[in-house]
Amino acid sequence: GMTEDKVVQKRKELAKWLKESILRLGPTFIKIGQQFSTRVDILPQEYVDQLSELQ
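Following full-length UniProt numbering, the numbering of the sequence shown begins with 1 at its first residue and continues without gaps.
The hints are simulated quantities; they were obtained by calculation from the structure and are not laboratory data.
Keep in mind that this is a model prediction, so the values were computed, not measured.
Note that CB positions come from ideal geometry on N, CA and C, so glycine has one too.
A couple of the hints might just be wrong.
Cross-link-like lysine-lysine pairs, in silico, DSSO-like; alpha carbons within 27 angstroms at most [as the list claims (entries may be wrong)]: (1) Lys-16 - Lys-31; (2) Lys-12 - Lys-31; (3) Lys-16 - Lys-6; (4) Lys-31 - Lys-19; (5) Lys-31 - Lys-10; (6) Lys-19 - Lys-6.
Label-pair restraints from in silico Cβ distances [stated by the list, open to error]: (7) Phe-36 - Gln-9: 18 to 24 angstroms; (8) Thr-3 - Arg-24: 29 to 35 angstroms; (9) Gly-1 - Ile-32: 29 to 35 angstroms.
Please work from the sequences and hints to get the whole structure.
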């Protein structure tokens, strides 16, 4: 199985990939990503951290 450290590292990698993909998709998706960056109640912190960079 995966250790907690590996799970966190994988989440960080996926969150960075998501942010980079959103940037490639353009302004509409960036705006959506910005909205999700404020939703700490539904996204893991690693995603919130990356999406906050879209602000």
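Against the structure, the hints come out as follows:
{"no.": "1", "hint": "Lys-16 - Lys-31", "verdict": "17 angstroms, holds"}
{"no.": "2", "hint": "Lys-12 - Lys-31", "verdict": "21 angstroms, holds"}
{"no.": "3", "hint": "Lys-16 - Lys-6", "verdict": "15 angstroms, holds"}
{"no.": "4", "hint": "Lys-31 - Lys-19", "verdict": "12 angstroms, holds"}
{"no.": "5", "hint": "Lys-31 - Lys-10", "verdict": "25 angstroms, holds"}
{"no.": "6", "hint": "Lys-19 - Lys-6", "verdict": "20 angstroms, holds"}
{"no.": "7", "hint": "Phe-36 - Gln-9: 18 to 24 angstroms", "verdict": "21 angstroms, holds"}
{"no.": "8", "hint": "Thr-3 - Arg-24: 29 to 35 angstroms", "verdict": "32 angstroms, holds"}
{"no.": "9", "hint": "Gly-1 - Ile-32: 29 to 35 angstroms", "verdict": "33 angstroms, holds"}
The earlier numbered hints are all upheld by this structure, with none contradicted.
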